[in-house]
Every structure is written in structure tokens, then in C-alpha cells.
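Since chain A is already given, all that's left is putting chain B on it; use the hints.
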Amino acid sequence: MAVKGIKDKVAIIGVGASKFGELWDDNQFSLLIKSTDDAMADAGVKRDDIEAIWVGIQYYFTGLSGGTVADALKLWGKPITRIENYCASGMDAFRNACNAVASGVNDVVLACGVEKLLDEGSKGLPGFREFGFPVLPMPSAPAMFSFAATRSFKEYGWTREDLARVAVKNHDNGSHHPKAHFRKQVSLDAVLKAPMIADPLGRFDCCAMSDGSAALILTRPELAPSYAHGDDYVIVKANALSVYTNMPWYSPNFDFTSFPSTTTAAKLAYKEAGITNPRKEIDCAEVHDCFTITELLNCQDLQFCERGQAAEELKNGTFNWDGETAINPSGGLKSFGHPIGATGCRMLYEVSKQVQGRADGRQTPDAKIGLAHNLGGAYTVCSVTILSQNK
Amino acid sequence: MIGIKSYGAYLPRYLLSRKLIAEAWGFPVIPGNKTVANFDEDSVTMAVEAGMDCLWGFDKSTIDGLYFATTTQPYLEKNSASLIATVLDLKKDIISMDFTDSINAGAAALARAFDTIKSNEDIKNIIVIASDKREPEPSTMSEYVMSDGAAAFLIGEGTNEDVLVSIENYFSVSDNVTGPWRRTASDSFVRNFEPKHEAKYGYINNITAAMKGIMDKNNLKPEDLGIVVYYYNNPGLLGRVSKMLKFSQAQIQDSLFFTLGDTGTPFCFMLLITALKRVKPEQKILFAGYGDGAIAFYMKIENDRGIRNIKKTRMGMIKSEKSMIELKNYSKFIDNRKYLVKDRYIRKSSPVTIWRDSASIYPMHGIRCNSCGVVQYPIWPICCECGGRDLTEIPLKLKGKIFTFALDHLVGGGYYSIPTPRCVIDLDGGGRVLCNMTECENPEEEVKIDMEVELTFRKVHEGAKFMNYYWKCRPVRGRP
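Chains as they are written, first to last, in this note's numbering: chain A, 1 to 391; chain B, 1 to 480.
Accuracy of the hints is not assured; some may be wrong.
[What the hints assert, rightly or not] Heads up, simulated DSS-like pairs for lysine-lysine below, C-alpha to C-alpha not over 27 Å straight-line:
no.: 1; chain 1: B; residue 1: Lys221; chain 2: B; residue 2: Lys200
no.: 2; chain 1: A; residue 1: Lys123; chain 2: B; residue 2: Lys459
no.: 3; chain 1: B; residue 1: Lys338; chain 2: A; residue 2: Lys123
no.: 4; chain 1: A; residue 1: Lys154; chain 2: B; residue 2: Lys397
no.: 5; chain 1: A; residue 1: Lys193; chain 2: A; residue 2: Lys267
no.: 6; chain 1: A; residue 1: Lys193; chain 2: B; residue 2: Lys448
no.: 7; chain 1: A; residue 1: Lys123; chain 2: B; residue 2: Lys348
no.: 8; chain 1: B; residue 1: Lys338; chain 2: B; residue 2: Lys465
no.: 9; chain 1: B; residue 1: Lys342; chain 2: A; residue 2: Lys123
no.: 10; chain 1: A; residue 1: Lys123; chain 2: B; residue 2: Lys465
no.: 11; chain 1: B; residue 1: Lys465; chain 2: B; residue 2: Lys332
no.: 12; chain 1: B; residue 1: Lys221; chain 2: A; residue 2: Lys154
[To be verified] Pulled from the structure, derived: some chain A residues nowhere near chain B, Cβ distances all over 10 Å:
no.: 13; residue: Lys19
no.: 14; residue: Pro126
no.: 15; residue: Thr150
no.: 16; residue: Asp231
no.: 17; residue: Pro260
no.: 18; residue: Gly274
Hints in this document: simulated from the structure, not taken from any laboratory.
Positions of the beta carbon are idealized from the N, C-alpha and C atoms, including for glycine.
Isolated chain A (complex conformation) (with noise of 0.2 Å):
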């Protein structure tokens, strides 16, 4: 019988993305090729070696079904599945495809996702569908988060000022990486300055609404030397996922100062991987920052610092590029935007160049062990991937 997870089972052999940002000259179609013929360059192989797909996508308006990606690709008949959960879409669709290869089923395949946000005119996430509850009020994303904040102030003592230096952290990071969004460091009043979006988040503290396509080629680790890095070839850890409601606001002891998804799948992706100790194990993670506070909480159920700690730590330095662990060095979602769809698999390009010791951006020195996370919905979903350098 087999061993259980898929821990050493799963390579990545290549990695793409495309440029994140306001794309208008792109449409769903074009990201999509764009990302897949990176990631297909960087692993070396052809399109026919790819035998299924998983795509990532959040909105019907990006695409249905695996038509999507094979009308993009013009590749016909080859089993490709349209994963959607929240924003953890890209990195479930990357788990679906770990899962075919740690399985047996498939040898090479690709995990990729996508999101054409701009082209709907829509300030903020364009609505979420209604659940079949036609008049119960629908928060905005920010507020969503917004509610954690609020809850986070009066718990943790925390303020608008803790928050802000998570935005100046990240666009710090994401100034130096050739495919940001937003390549351009903010100052702490300017973030604090911002026009409100959803009270007490403003705009620096939420992620922009950006186009983009991210792409990974699995394989198993026998096969993998024979690709294009040879013997430096990622190494698939652990991937855990874990659903709770769409609708916290109805769970009468929801505290609202952490997502039991993120600390629920963090316990399952470290047992998994063998971390006991994930702030000294793990160099550096990508970590969902959607919003400025969800990384701050983020931190603390992924167990990088104790509860209530997150603002003192990263005060200290604990969470910059070259501190104890490195959070989102790349710049993450405040900096790329935050395409939904492929989000989850643009994190996992980042993490595995990380631990290749090729990052775009800022470069954790020496790193060895790196993690994605995406958190979705209403905290609903989260995602939390582990990889490590093939040594």
C-alpha cells in the first residue's frame, strides 16, 4: 500500500509567469501563453510532452472549464480541469496536479493559472456570487478583512501604523522584481495617508486589482535530471489544503483574529514536510497578503511568531528579506496585484526560484526551504505549499 501525501513524490522542473499588472494590451489568452511558454522554456520541454493541466480561475468572466486554456494554447484533447477555490485557485490547481503525478497517472503535467481582472471596469473584486442568499449583505473583500483588523486593534493593541509597515515591507521587496505590478517603494505616511477603502483599511493596505498568469511543469523526481536543470530541480514537500465556511460572520465563537483554514493547513503541511520548528525551517515564504492585516495574522497561524506578536516582529525586522524569515520577498500580492486565479501558482514560482537560488527579486540568502500560502474568500480557503532545493 502506498505511503500516504505527497512528500518527495512531486519535481518541478520549470517555472513561468507573465508580467503582472494593468494589461490591456493582454487578454486571458495571451497571459496564458505567456506563462506556459516560459515555464515550458525553463523545464525544456515541448508542449506535447505535457500530457493534463489544471488552470486556476476565479471568475466566469476569465473562463470556463479546461476550454480555456486549450482555446489559449490551441492544444486539443488533452484532459485539462478548471479548478476553482477562491484565491487559493492557482495553488489547488497546482495540488490536483501534484496529485496526478505522485499518483502514477501522469508523468508530466502543468499546473497554471489566470485571471483577466481589468478588463471588467470594477472597483474591487467584482461581486461574489450570492450563495443562494439573495438579501443578506454582501461584505467587499476589504471589508471581509476589515472585520479581522477591527478585531485585531482591540485583541492585540495593534493599529493603523502596524499595518502600514507590512505595505512598506512588501513594496520595498516587490521595487526590486522585474515583474511586479508596482515597482516602487511607499513611505509609511503615504500608506497612512491613503483614501479609505474599507475603514480602517485604506488603499496601500489592500492588494490592486491586476492582470496575470503564472505556470509550473511537474514531474516525478526520477524523471526530473533528465530536464533542463538537470539535478536542481524543485522538490514538492508538502501541500495541505483546508476549507471552513464562506460565511464567518454567521459562526456565533468566530474570534475574527485568526483563519483556523491558515492554522489548520499549516499543521497539516508541517507534519507532512517533518517541520517542528517552522520559523527556523522555513527561509523564506510567500505568505497571502491581500490585505495587510491578513498578513500579519497569516504569520502568526502559520506559527512564525507567537499570537498578537506578528506587528512587534515585523517591526524588528523578523519578516524582511535578509531577516529570521523572509516574508514575501518577492513583494507579494501588494505588489503584484492580485489576478486571482494565478496567484497561488505565481507564489510557488517565486518559492521555487527562492530555493533554486535564482529569485527575480530579492534573493534569501541561502535558502533551502521555502513555503506558499494562499488564503480565499471569507478566510474560507487556504492553501500552504512546502518546497525544498533538491539536496
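Below, chain B alone, put in the same frame as chain A:
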């Protein structure tokens, strides 16, 4: 005996000073204010508030009917009484009926409630709610006059303990005078033709005929009456009628017109409720409504202690008025009324899902888990805390405290400079809900964790081209 067992009133949060109307159009100034319903209110939502006020402390299973009176129906086809009864959590085996098309509909519904109870042994109590949100044409004199609100009476049979004010009998006249009117399909605003003609041959002739009729019927002389209450929409006419019928100033009611305007169908109810502020045992009352004729009632004070007790436990007119604030400018009023055509986001909806979830949406029912005891909302088949399936449906309390909140500037893909407070609320007695806040003037300063709020029934959107109602929260106005 049959008569009034309880009353309730609802005045919207806002007052518009007539001075602002005068300034907006360069008109001569008329003193006083008029009430203005909020953008998310209509005759149904205000009726719910007045109904809640009226029924506070009563066992709802004893209510056998609901009569709703309005000239401003949300629908041309589909009644409102059944919806109001559902939201008020009344039982299913009741009579529900709408009385419409004339501002006399309130008085007419009252007379019908009296008749219904008198002629049916198994119908003991009927709540009569009158509510209106009329649209006068901007820049006309009607704009000074017409205002919004709701009021309710619980009419029932009982002893002189239960019945606070007995209804002895009534006298009705019917007359066809065209004015005011509003055509069903093509008129946005209430029309007048020649106000002086309407006043003399419509109002004065009919109201005096009805009042004379009821006095003759009961051999009443003007001095026999302690309280005389009749509809009017012009303070000059109030005095003229009083003089014609030889009533003294002390007998006739306070001039609500100056402070609140003419609320239409519920106005005569409001005048009577206001008159009940000061009552003496066994006082005789003459009460009349007007519209396409008139109806006058002969009533008597039966339980003055009971009336004082009701006054203490209700929002009524007094507490409602105390918690009102003035709109800062005329543009606020224009915006509330949606007189300017703007692109507004409309959610999707389905009458089917609303029907299926009716118990959660309208009377705000939740569930209590019989395994772990946790009260939760909305109604679902499995406990969110322990996974138990042994659940009991329960009504939730309509007040609570804010657990957390966001002041959301993003609504349906648009950015608005005035944020909508989204409030996660722990209801008194259990259950956690999410409600948008309405009628909070300074959310940045006022909305806080642990802030006390009341739930208020509002129109939220018109998805699928029908009226989608749900609960919002508001800063406390003092509803019991």
C-alpha cells in the same frame, strides 16, 4: 366591548425643515418640519416598525388578523398585509387585507376591523396598520405638506381592562371629488387641480357631514366630547371645521402638521395617539378620517391607567419624535427620494430562494442546537459548532451589540465616498448576524465594538424586479 387595546407609531429618522424647501425653490417660508423616510424605507418597512411597536408585550398567537392601509403600495398586484404579517411573525391562520387608494384607508380599515370582530366569534384581535410614503411634486406647495410615517392600532374584543378605548359605533359618508389623485401607471407624484375647491367641497363638506352624522346618531353635543380628533392637511382648515362644529380649542388635537407634516393614511391615527397623551376616565372621543368621503367614530376612554402604561412601553409618537434629526440640506432629501437618476447596483435575486428561506429572512428566525446549545443564524440543517442535527427553530432578538465591523466604501463594484458600515452583531439572547447599518450620520466616530444596535426591516434591492427586503441595523432609537 370592542376597541383599541394597543397602539404603535413609527416616524422615520429624518425631518426636513420647510425652510430648506423654501430656500431650494425661492418660496415663501412656512414654519415647521416634515418627516422624511430614508431611501431604504417604504410603506411596508415603516408598517413593520409601527406593528412591532404596537404588538410589543402581546402574545402574537392571539392576533387573528392584519389590515394594512396605504396609498403607496409597493406593488399594484400583490398585497402587503401578508408580508407584514410574516415579518411580524404572526400565525398563518389569520385574515390579511390591504386597504388602499385613499388617505381614508386607515379609518376605513379601522371600521372594517371593528365590523369583522363584531360579526365573527373566532376573530378577537386585528392589528390595523396605516403607513405612507407619498411623493409630492418637488417645487409645489404639496412638498411642504406631505410627509412619511406609520401608525398602528390593535383592535380587539375584551373587558374594560383589555380595551383601553372602546369603539361605540361609526358613521360613514361617501363622495366623489377628484383631488388629490395619482393615476396608477403614469403619475410619479400626487396631483391636485384646484386646492380651494377640493378643500371646500371635498374636505370640509365630507368631514363635517361625517362628524355631524356620528354626533346625531349618538345624541352628542359638542361639549359632551373630551377629545376631538380629525384628519386635516391645512392648519387653517382645522380651525374652520372646529368653528363650524362649535368645538373649543381645548377639545381639538395638537397641531402635528407643523412639526411632522401630513403623513397621509396614518395621519389621523397619529393625531389620535397624540391626543391619548392626556386622558381622563370615561372621556368621550370623536375621531374622523377623510378621503373620498369621510368616516367618523364615537369612542370612549375605558382604561386610562392602561393608556398611560402603553405610553411608557412604546416608541409611540413621543419617543419616535425625540429620536429624529434634521436633514442638513435639501440635496440630502433629493438623494433619499432617489429623484436623481443614478446607476445603482442591483443584486441578483429569486422569489424562490426568498420563499424557501422566508423564516430566516422575514421574522429573523434562527436555530438553537439541542446538543451544544449554541444559537445560530440563518436556519441550516446542521449545527455549525458541533455538527448536531437536533435543532429547534427560534425567533431571535432584534437588538444586540457589534462584535466587529468594517466601514465599507466598496459596494457592488463601485466606490462611494460615504461608507456603509458592515456590522457583525451578537444578538441579545444568542445568534450572530451580519447587517449593514443605516441612519448612522458619522460612522467614523460612532461605530465601535460593543456599540448597541437595533435591527430594522428595510428594502435592500429590487433584484429580479421585485422588492427584496431584509434587516439592517441602526444606532439605538429606543425601541423596547
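| Which earlier hints can't be squared with this structure? | Of the numbered hints given earlier, those the structure breaks are 5, 12, 14, 15, listed in rising order.
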